[in-house]
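Residue numbers (our numbering), protein chains in the order written: chain R, 81 to 362; chain P, 42 to 587; chain F, 2 to 527; chain B, 65 to 393.
Keep in mind that the hints are not guaranteed to be accurate.
Calculated pairs, DSS-like style, for lysine-lysine (alpha carbon to alpha carbon, straight line, at most 27 Å) [as the list claims (entries may be wrong)]: (1) 352/P x 454/P; (2) 105/B x 326/P; (3) 387/P x 111/P; (4) 185/P x 236/P; (5) 199/P x 226/P; (6) 447/P x 407/P; (7) 105/B x 111/P; (8) 199/P x 128/P; (9) 252/P x 565/P; (10) 111/P x 199/P; (11) 199/P x 105/B; (12) 128/P x 326/P; (13) 185/P x 105/B; (14) 469/P x 345/P; (15) 105/B x 587/P; (16) 199/P x 344/P; (17) 236/P x 226/P; (18) 454/P x 207/P; (19) 204/P x 105/B; (20) 266/P x 344/P; (21) 105/B x 469/P; (22) 326/P x 344/P; (23) 266/P x 111/P; (24) 352/P x 544/P; (25) 204/P x 226/P; (26) 105/B x 344/P; (27) 252/P x 345/P; (28) 565/P x 407/P; (29) 409/P x 447/P; (30) 105/B x 236/P; (31) 345/P x 387/P; (32) 105/B x 409/P; (33) 345/P x 105/B.
Note that these hints are calculated values from the structure, not bench results. Because the structure is a prediction, the values reported are computed rather than measured.
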Amino acid sequence: MGAVIATGMVLVAVTAPLLAALAGQDYTTYHDTLLDSARGGVPIGAFGGVSGEHWLGVEPGTGRDLFARVVYGARVSLGVAVGATILEVLLGVGVGIAAGLGGRWADAGLSRVIDLVLSIPSLVLAISLLAIVPQDWPRPLILAVVIALLGWGGTARISRGETLSLRTRDYVAAAQVAGAPWWRVARREILPGLTAPILTYAALLLPTNMVAEAGLSFLGVGVRPPTPSWGQMLSTATTWFRADPAYVIIPGLLLFLTLLSFVLVANGLRRVLDPRQREILR
Amino acid sequence: QGGGGGDTTTSNAAFDPATCQGGTLTVLNQGGITHLDPARLYTSGGGNLPSLLFRTLTTRNRQPGDAGTKPAPDLATDLGTPSDGAKTWTYHLRDGIQFEDGTPITAADVKYGIERSFAPELPGGAPYLRDWLAGAADYQGPYKQPDGITSIETPDDKTIVFKLSKPEGDFPFLATATQFAPVPKAKDNGVDYEKHPISSGPYQVESYEPKKSLVLVRNTHWSTKIDELRYACPDRIEVTSGLDSAVINQRIVTGAGQDANAVTTDAVVGPEQLAQLGTGSELDKRVTRGEFPSTTYLAFNTKKAPFDNPKVREALSYAINRTSVVNALGGSAVVGPSTTFLPPQKALGYQQYDWFPAGDTGAPDKAKQVLAEAGLSNLSIELAHENDDSEGIGPKVASAIQEAFKQAGVTVKLNAIDTGTYRDITGKPATQPGLSLATWGADWPSGGPFLIPIFDGRQIITAGGNFNLAQYNDPEVNAEIDAINALTDPAAAAARWGALDAKLGKLALVLPLTHEKDVYLYGKNVKNAYADGWRGQLDVGRVSVK
Amino acid sequence: MTLLEVDDLRISFGDKQAVDGLSFTLEAGGSLGIVGESGSGKSTAALALLGLSGGSVSGKIRFDGTDLVTGAPWKDIRGARIAMVFQEPLTALNPFQTVGDQIAEVYRLHTGATRRAARERAVEVLGQVHIADPERRARAYPHQFSGGMRQRALIAMAIANRPKLIVADEPTTALDVTVQAQILDLLDEVRATTGAALLLISHDLGVVAGSTESVIVMRDGRAVESGSTESVLLSPRHEYTRALLDAVPKPGNRDFEPGPPLLRVRDVHKHFPQRRRGSFRKPPPVRAVDGVTLDVHAGETLGIVGESGTGKTTLARMMVGLIPPSSGSITFDGVDIARRRGRSVQMVFQDPLSSLNPRRTIGESIADPLRLSGVRDPRTRVEDLLERVGLSRSEYDRYPHQLSGGMRQRVGIARAVAPSPRLIVCDEPVSSLDVTTQAQVLALLEELRAELGLSLVFVSHDLAVLRRIADRVAVLKDGVIVEVGPTSEVYDQPQHPYTKELLAAVPVTDPAEARRLRALRSTVGR
Amino acid sequence: MIGHLTRRIVGGAIVLLVLSALIYTLFYLAPSDPAILACGKGCTPERLADVRAAMGLADPVWTQYWHFLQGIFTGRDYSLGPTVRHCPAPCLGYSFETSQPVTTLLMDRLPVSFSLAFGAEILSLLLGIGAGLLSGTRRFRWFDRLVNGLVLAGYATPVFLVGLLLLLLFCVHLQWLPFPQYVPFTTDPLLWAQNLLLPWIALAVIQTAAYARLTRAGLQESLAEDHIRTARAYGIPERRILWRKALRGALLPLVTLTAVDLAGIITSAVLTETMFGLPGVGQLLVGAVNQIDLPVVVGVTLLTGLIMVLANTAADLLYAAVDPRVQLR
Ligand SMILES: Nc1ncnc2c1ncn2[C@@H]1O[C@H](COP(=O)(O)OP(=O)(O)OP(=O)(O)O)[C@@H](O)[C@H]1O
Ligand SMILES: Nc1ncnc2c1ncn2[C@@H]1O[C@H](COP(=O)(O)OP(=O)(O)OP(=O)(O)O)[C@@H](O)[C@H]1O
Ligand SMILES: [Mg+2]
Ligand SMILES: [Mg+2]
């Protein structure tokens, strides 16, 4: 079930241009005639101006086709969130294992680095970092990197804790007796034990990152207009909450479905990866 | 059109200032007053909340519509006496005026207040005096130069004389700025003065927490006998800042408890409320409409290709789709399309013109034709804008323009610049982009402050802080500006400003987009609420909650 | 008077019939042993007495006049009239509560005693189970107890309410012989002093031999033989009982010709610093290994024996370089063990489950050391090995949890053998296995040793096992070797009193002999 | 224990030092200039230079940073124009934007943020653990599913939406609660709680998800442990087993998470603060970032860093206290 939705979302993101073309719309064209300018620019018609041409209605204030924006928005939102999550997991797990397997000093040093990352007010730093980055660098990539750079602390913490407990297991000792170097121990013996908690955590990181992208875009340092993203839509949605509920509900629902699907996929993956079929965290 | 202000009398027919006293007024605002120091406030017309504490030499006339665009004497007995071809202005203080502690207000207090605004420790106030007063450029304020500035003279306690370096017919307008409020030198503790500024107005500070809250109570040394302009109806005014605009408006609509006595001076209604307005609902009776003279426009840097080519500027003027821009800024209720640089207010000298008719939604074909004539198809340009929408020149408007120009075959690349540095970059000719979004608001309702910084060639400041973004310098225009400045009759001046605007409009130096309209809600119990003609805001000096 | 009557008890988990028509009776104050190999339904039957088996139960259980199958006043029975001593002392206690509190809580629950009285009772029963300084120890957490002490704490909890029946489920499996003997003696003593009946479950015939009056032999959920302990153990009628008795290790007889010394341990110490807790004075370090010198010769099997906590595992781990010694040197073939790289030394770990990565197939686990030594595609080699240790080739793709304990132990051995090492250090490789499986594993090790010319270090607390497999035996006590020599010498003419005590504690399957030894222990032992 | 604490304190100090240096560097790399912002419209270069000097921004960065560090230990003096003000020892600098010492600003805002953080944390712990308990004991499968769905829905909804919904529902339609307005606890505890209820709920909605999931997982694991069976066999009532024995082990992982979250709320609750008009540290920080008010940004960052370090240390100590097996490393 989860896998179906998740694949669906990814498919939508990948085939966005095709889908938009199918709907005969693009995400930039303004349709001023579809808006009631005197009432703040809400779409004319029921449920956000849904019609045969505009399957999900149009965006308030601009009249851009909502369907096209939603499918293109999936690209940015999923791309940034998934990218950032992957980076966070790589970085966090790497540092976490290194801290957990390393000696006392390595652990103390790396743990303080983790503390540092957790202490940084990420919003502030993200804004400053993104302000420095040159304009013409690929924005979604930069966003993913910045979000990840500021958000890997939690993953690292969890990985470190788990590693500390896993390293006392005899199978780690067995590998060491067999003469395995530390990185091999990390990869072969520790990493498989980390998958369950990390997967669970990553499934929850994903929406966090999506919201982070939204916040940054809202503050003007995220993706550049007219590129749409779900987060952006949601951020502006408060203004339209009662005037155009459809504009809130659609991206909100999509965000929820995506989260749900990724949690379900993570559960499934974990079950597949855990030979004991044991449910540690569902 | 012509002259702001809308329905103001319907709900206020039976209002009597003599019996309006009592109650607590709640003010719910988004942004707080950052500095409650008269030297640091950039407000004209006395400001809205500041004018409850600070009386200035002159102040706005506190009327809706056109009448409200005129200055009126406040601490002074009249609007000032010009001499020496409007290069010297003399004011006399009225009798009986006192600070909140009962000490009489003297001309020296007014002079000291102005001198403080020159101190670099207290930045942020209106800059005009530094330019206008003779010898002011080198003056560093009373802390570094305790001897004071020589171009302000106080021959006696009641008289204050300003010596300007050039004729300025608008001086009575400038004298409404908050920096013209008196400050008793004995009470001045520099930066900390704002913690409890000494009031000359109807209220005094009970408590003040920057950007959070301000509570005002009555100043017992003030009375309607020494001030006819302010009604000062509520006994107490409580200002809360830092609120979300959607929440503010929702609270005022609901009007639960103390919120029935609430007004806002900075949260314009959003689509939520607009959807309910004009339907004959109860809410229709609780709204004021005003107009702040301001224009949002596209600034061409005529020193940079391709904008040095008038054909390009004209073509883009044809291509613009003002409806999209209006919608992007919140719809026709809160902004109106502009084809002129001067906003549609009589006091500014507004004259209607539309030299490059684009209709409501743009004339892309005409634009293409003009471009083709100039041999410029496949034009690709960059548009600079702020990176958030807080000042209305952010990504929303930029993408609407991008789309409109695309219809005319012009590719626009957006260049988002951090809002904090935006003016810094656009205001330095060396770094100014070819095309940028800009807004201009009048510091007082006159054509001068609206046109001079934008089109006076002598105002091109290469070091930064430049507003003549077209970098336009025509001696003929400069001379006309000087001529109008010397006029002391506002009506005559207005007509000449309007004509100048229309003449400049033909050159397509700027591409006007919209002008601002203000719609504010107020609470169920609030009476005599109207927007004054000067700033378009609800005048807290005259509302009542009783 | 019959206290407990079980008649045609059947318990099933879905399709699996764990207990299949079991019947027995137990007199008040009497004692009954249940033996049988792993998985024969012993624990399930015992849990059913407390209504905790979790399966679907049918048949009849009458306890003291109440039927326990059709629902019972559990509140008055559990812990008050029937008390259970669980199989796993390491996990059966709550890690967050002090031992005293746990006992007091149970006592209070059933007697409504005051807090104070309950605490006193807890201290009292802890004293009864021979915990030294019970007043202070009652305030300790389970992890601060040794395995034997934990087991005794569980017994203390069981006797706190003076129950009519104590069910002890393998109370000594993980313990060394001396502690095991102590606990068995203790149960006997409790029975004698409180008049409680005892139901003792074990896979070890020696354990039931000395402690019970009658015995049932279970297999596949059924009682295959029952009767007085003497008659069943001395003249078994059922062939399965005979098989069980035969599987008890017999002394081996191998000619021992020592080769050159391979592993040299020279005056090795290992001290673990202890952490401050509460007080500011730093406690003295734990001297886990305190000056050990020995050689392991090529081709020999060296047994290391000693009671729990004497430093066997610590020494074994130092031998393979897993933990560095505090002082002294360990060389392998003249090279310091810490600098050794590669596959010449391997280890078989004490706990077969935790030494296998639960997330990797056993084939992968075995293949790893092979890969490290440069074998490109080790699958066929691993499959051969699996066959070699008596597992099927298809076992390659299975995960540790899908195997039984004995199978896992064999996987551990296969992994150690895979890279053709010259020395394998085995840490209690058979302690948790029942006798039949144990016999298989020992046979396998012997075979491999002969075939590959291995040297073995075999750590165990079980003297019978060592006697069968070891050429030489070293007796370890408190981190020091008190006696070392050829197996037969150590067994037949023990020099050190500790060695003698160890030998006296070995459970024997002859009930009469077992009783004689117990009497001997109670006079000489302490 | 003592050694552990010393190490943590030294480590924490280093973290804070690096943190402040980092913020300083970033702000000087960023293109924005606070002096231009303060100087305002019509600012000439001469005037700008004067203003910059008055704001103490004319010195090189490292000098400024050094003064800042000095201020923390010895205090600093600031010129206010005619007078000089002393900012006593832990002086985190002086905000020219708000004309106040940063410490004063923080002290002003902290009660609000703390009220918000603690209340929200307690509420989400209660809700999360409650939901986790109900679904973890697995009495009702459908309930388990329902709780899971709800908790995820909460997690997926941005806080401003939740906030707006709550406001609309409770303050506009039902009018059960007044529009939130911060009332200090010391003034009127009841009003304090009443006004903070909605913001607490809004924040709790998000955090509950993580807590519920952790509790549920921990409970399932802990209920399967052997010592629970022992307790059952000794007739200890099921309820007591759940509350006294199983829950304790199950809640351990929450300790760490709670510490991090608690510290996180201080800065990350900006949206909630804005929505509900609560003048907390989050708003202060965002305002300071917009105004390029570096002293405030550094001050807030150091404060949250400090809270984070303290909370983490406390969590580790608590962990060691709750679980007797844990040794501090
Ligand atoms: N909860 C359960 N679900 C399914 N099968 C079970 C369960 N508990 C026990 N069994 C099965 O019932 C059979 C008997 O198990 P039991 O634990 O009683 O064996 P035992 O004789 O005590 O073995 P051991 O000596 O290893 O403790 C085994 O095959 C076991 O796999
Ligand atoms: N990492 C450690 N830190 C502190 N003390 C330890 C550590 N490892 C072992 N010890 C202590 O060293 C002593 C010897 O432990 P070891 O595990 O070697 O015993 P053992 O002989 O293998 O016992 P068993 O038969 O129970 O396995 C014990 O008292 C134990 O508490
Ligand atoms: Mg069993
Ligand atoms: Mg051991």
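Output the indices of the hints that this structure fails to meet, ascending. 2, 11, 12, 15, 16, 18, 20, 22, 27, 28, 31, 32
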